[in-house]
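For the protein sequence lines, the chains are A and B, in the order given. Quick note: the first sequence, position 381, residue 381 per my numbering, numbers continuous. Quick note: the second sequence, position 431, residue 431 per my numbering, numbers continuous.
Honestly, I wouldn't trust all of these hints.
Put simply, identical chains are the same to the list, so a pair is met inside one copy or across any two.
[Claimed, not checked] Calculated lysine to any residue pairs in the SDA-like style (CA-CA distance at most 20 Å, straight line):
#1 532 / 457
#2 423 / 15
#3 83 / 93
#4 447 / 540
#5 83 / 203
#6 311 / 136
#7 532 / 425
#8 83 / 433
Just so you know, the hints here were simulated from the structure itself, not pulled from any lab data.
2 protein chains.
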Amino acid sequence: MTYTAPIADMRFALEACADFWSLRARYPDLDEDLLAAILEGAGALAAETLAPLNRSGDRARVSLVNDVVAAPPGFREAYEVFKQGGWQGLAADPTYGGQGLPRSLALAVMETLHAANMSFALLPMLTLGAIEAIEHHGAPDQKALYLEKLISGEWSGTMNLTEPQAGSDLAALTTKAAPQADGSYAITGQKIFITWGEHDLAPNIIHLVLARIEGAPPGSKGISLFIVPKFRDEDGSRNAVRCIGLEEKMGIHASPTCTMAYEGATGWLIGEENHGLAAMFTMMNAARLNVGMEGVGVAEAAYQKALAYAKERKQGLVIIEHPDVRRMLLTMRAKIQAGRAICYACAVAADGGDKAMEDLLTPIAKAWSTDLGVEVASLGVQIHGGMGFVEEGGAAQFYRDARIAPIYEGTNGIQAIDLYGRKLLGDRGEAMGRVIAMARDAAAQSKDPRVAARLGDAATALEEATDYMLSAERNDALAGASAYLSLAGDVIGGMLMARGVAKTEDAEKAALLAFYAEIVLSRVGSYLPLIKLTAAPLAALT
Amino acid sequence: MTYTAPIADMRFALEACADFWSLRARYPDLDEDLLAAILEGAGALAAETLAPLNRSGDRARVSLVNDVVAAPPGFREAYEVFKQGGWQGLAADPTYGGQGLPRSLALAVMETLHAANMSFALLPMLTLGAIEAIEHHGAPDQKALYLEKLISGEWSGTMNLTEPQAGSDLAALTTKAAPQADGSYAITGQKIFITWGEHDLAPNIIHLVLARIEGAPPGSKGISLFIVPKFRDEDGSRNAVRCIGLEEKMGIHASPTCTMAYEGATGWLIGEENHGLAAMFTMMNAARLNVGMEGVGVAEAAYQKALAYAKERKQGLVIIEHPDVRRMLLTMRAKIQAGRAICYACAVAADGGDKAMEDLLTPIAKAWSTDLGVEVASLGVQIHGGMGFVEEGGAAQFYRDARIAPIYEGTNGIQAIDLYGRKLLGDRGEAMGRVIAMARDAAAQSKDPRVAARLGDAATALEEATDYMLSAERNDALAGASAYLSLAGDVIGGMLMARGVAKTEDAEKAALLAFYAEIVLSRVGSYLPLIKLTAAPLAALT
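Please model the entire structure based on the sequences and the hints provided.
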């Protein structure tokens with residue numbers, strides 16, 4: 001697979017759209033040259049080391065033999081290059097060897113890894129979650145024990161939430177934690193869908209595991225978070241946790257999705273007893289944003305592949321000359337740019353301490369960008385024609401890989417519930433009101449009257465929809481929540497692109513925004529009937 | 001896999017929506033009892049014989065060893081059941097053993113086969129194409145030689161169009177036909193993507209092959225159609241055609257997609273010299289409608305699977321109680337019912353000799369229903385959550401299988417060009433004008449004021465869009481053609497459902513139509529900016 005990090009597009013999204021340099025005061029050592037150097041370095045890693053393993057990893061898959069999961073050929077060497085480059089610790093605490101750079105910059109780096117090799121990138125993504133959980137919730141001795149090795153990439157991390165009977169419903173989980181005399185807990189239970197839960201790329205794996213301490217209250221208020229290292233800290237002995245199965249999946253074949261058995265494994269409580277969900281949400285929020293970025297990354301890879309094919313493939317004309325093919329390619333490109341801007345803006349909000357905006361944008365970044373990943377990957381298949389359906393063509397893998405992103409880290413339906421229930425109701429629409437005002441502002445400042453009109457109307461539609469959601473009965477609002485999220489993403493993506501265009505003289509980006517306004521913003525009003533769909537007609541389903 | 005033919009839904013679509021009984025005078029022997037018996041018989045074949053092989057066939061795949069392609073285990077026995085049931089010849093000429101029933105009824109039968117096992121159903125679907133080509137274009141001796149054995153299912157048929165350098169652009173094909181002393185032609189060339197081009201389920205395979213007779217004019221006016229039997233008619237000896245490779249595809253794993261090498265194979269001209277494309281279009285049109293039906297079939301199977309899962313899976317509540325899950329399920333169900341009605345109506349138009357309506361509806365049935373197949377299969381995956389991405393869950397296969405349908409038999413982009421260039425311009429919008437009038441009529445007769453309003457507005461939008469397409473510059477029209485097709489499909493699906501509801505007292509179908517009006521018809525106006533997209537902004541793509 002050939003992939004080139006779209007550095008100009010990334011910088012436009014980060015600097016112009018997402019207002020990255022509003023962070024300048026917080027990161028005085030960071031300047032344009034360093035930013036460029038980091039993105040170029042990441043781009044080189046992605047293009048030269050990871051992309052060449054994308055298709056071979058898909059074919060080779062992973063295997064479980066005698067409790068050992070073998071990564072596909074080449075992954076060990078690639079992980080070594082990744083580790084040596086210091087990429088894992090880009091945004092981590094310098095006390096433990098991190099570089100203390102903005103998370104938004106680390107996210108942009110992750111975009112290139114996701115694009116080049118989604119299966120591979122899941123490994124650092126999960127480790128990042130473990131780092132953030134321990135940074136935020138770990139006791140000093142836990143930080144000392146784990147952070148340095150995780151941040152250097154020597155060890156990797158996992159998140160263990162799901163159980164066979166408890167998917168999105170964490171309150172139902174049953175994994176047990178029995179207190180031991182030495183202060184540790186014996187963890188017993190089974191976890192499923194554990195990404196990179198077992199592998200041979202790192203000498204130790206640090207599992208973050210949700211479980212119930214004996215006697216804890218039922219439901220979500222009785223869940224605690226534990227650190228369960230594959231090899232015990234005390235003596236380096238093998239802990240009683242092992243991978244007992246791998247899922248056979250439709251995509252991301254090169255990443256092991258493990259069923260993990262905990263059989264009285266030694267675990268250490270992290271954070272407060274029975275407050276495990278809150279701690280897990282630290283990981284989840286970062287992971288959700290990263291999954292959104294995955295959607296953008298895989299879409300970018302699919303776009304590049306389709307564009308190259310369209311320039312080379314003749315059907316009468318070279319197919320890129322066909323208006324319908326151009327329409328598809330531009331749709332891909334415009335939506336990718338919007339999704340990228342949303343994800344980066346969410347991370348910049350996090351870096352800038354704008355918690356309300358980070359919270360608001362997280363479910364949108366996750367769901368909108370992963371829907372986009374599937375849509376764009378499907379368009380990529382379509383542009384390839386018959387070769388799109390044939391695995392050799394390369395487009396099919398993106399379509400298969402992209403499909404997981406709307407599901408994991410909370411399905412997109414759950415993101416919509418989160419946007420409505422926690423975020424919108426949480427501040428009675430205040431943060432969304434800021435977004436609407438920004439969209440109005442961007443519309444007013446646009447030099448393109450069509451864009452100004454489309455974006456202005458879109459802002460009004462978002463306002464109407466927001467007012468409705470805030471006043472609707474809960475079940476009615478839930479029936480329209482997914483459409484509301486889609487509408488919000490459409491508008492926010494357009495607003496961010498318009499902000500970027502206003503700051504630059506980039507004619508191609510202005511044309512892309514105009515196209516986005518015509519094909520996306522022009523349609524947002526039509527979401528209103530879907531958003532206002534009440535629970536009543538849903539009773540028609542029997 | 002569990003699948004139950006949705007006979008009530010099928011009959012509603014066929015009889016109430018598509019006005020099947022308008023054909024009564026043409027088929028005096030056909031009555032409701034026979035119709036019911038045929039659909040129930042097909043449903044039993046699909047459910048009991050084909051559906052159980054769907055997942056096993058996906059896993060087993062097909063293999064090519066020493067020029068022989070082995071079908072997956074169980075397919076031989078299933079094909080025997082299919083053959084013995086006389087299903088292949090349902091709509092074929094009684095002179096050669098067919099049953100002379102309406103093609104629309106045969107299409108409904110095919111729906112159940114596509115739904116139960118898309119890979120399997122491709123075999124009779126391709127044979128059907130060969131039967132129709134020979135019925136329409138064959139000389140009497142060719143009919144005598146081939147039809148009986150094809151109609152009985154003893155032999156199977158294929159369509160050989162695509163070559164490595166010529167996909168959608170048939171004018172570029174280079175396979176040669178050299179005249180021989182005995183009146184036959186020696187066919188030499190390579191064809192790709194030949195579905196069921198080689199297999200071990202039938203003792204002979206009749207290939208219909210496009211090729212150029214030596215000295216024929218270049219381009220599409222120099223193409224002739226040939227019959228190339230795997231075993232020669234004269235002496236039963238093996239013809240010089242063989243499968244030299246199978247594609248590794250993302251889906252429909254149980255159907256071989258062959259690269260066929262013709263090395264001076266004996267072929268017989270069918271139809272007139274240099275008029276091969278016209279003859280091929282006889283097959284193509286039937287095949288396009290059948291591919292549309294495939295989209296509906298795989299969507300129905302995905303829907304049934306998702307519905308069953310949603311009723312059984314708990315996440316707090318049984319997940320079907322979640323408004324967002326109900327919304328997805330109802331969206332699937334409503335769109336399936338619309339797509340089914342469109343496909344059936346197209347076939348009823350063909351049976352009734354309404355050529356203009358058949359021609360108009362064919363590209364819409366193909367493209368709209370196959371887009372629907374992908375969308376619904378993707379929703380099915382989403383409803384399954386993590387289990388949707390795991391192959392064991394069964395939803396993933398539908399998502400992989402469904403993805404070919406928008407590609408083959410002319411990509412959906414080509415269908416949109418056909419709808420605009422051949423159909424709309426061909427009669428200056430007359431047939432579409434009839435459709436618009438029917439939609440207005442159905443709106444006026446609806447007892448549900450919301451449906452009446454939505455459908456009336458949708459008819460107006462279709463009229464506006466049609467007027468635009470008829471007057472636009474060609475390249476501008478082509479830029480909006482796909483959106484125009486989507487709009488037309490949305491409206492026609494709603495119109496047909498409304499006609500059906502008006503004729504029955506089926507409250508569930510009335511509720512489904514109301515839902516369709518709210519989530520689909522309410523949005524059709526928003527296609528207008530996409531349809532009116534001109535070629536100019538597409539220049540932004542570099």
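Hints versus structure:
1. Taking the shortest Cα distances, residue 532 and residue 457 sit within 20 Å of each other both inside one copy (18 Å) and across copies (19 Å).
2. Taking the shortest Cα distances, residue 423 and residue 15 never come within 20 Å of each other, neither inside one copy (26 Å) nor across copies (49 Å).
3. For the identical chains of this complex, residue 83 and residue 93 are intra-copy neighbours only, at 16 Å inside a copy versus 70 Å across copies, given an alpha-carbon limit of 20 Å.
4. With identical chains, the CA atoms of residue 447 and residue 540 are at most 20 Å apart between copies only, with a shortest distance of 17 Å across copies and 47 Å within one.
5. For the homomeric pair residue 83 and residue 203, the shortest alpha-carbon distance inside one copy (13 Å) is at most 20 Å, but the shortest distance between copies (59 Å) is not.
6. Within a single copy, residue 311 and residue 136 get their C-alpha atoms no closer than 49 Å, and across copies no closer than 40 Å, so neither meets the 20 Å cut-off.
7. Taking identical chains as interchangeable, the C-alpha atoms of residue 532 and residue 425 lie at most 20 Å apart only when both belong to the same chain, with a minimum of 17 Å there against 39 Å between chains.
8. In this assembly of identical chains, residue 83 and residue 433 lie within 20 Å of each other by CA distance neither inside one copy nor across copies; the values are 42 Å within and 65 Å between.
When the structure is compared with the earlier hints, violations turn up for hints 2, 6 and 8 and for no others.
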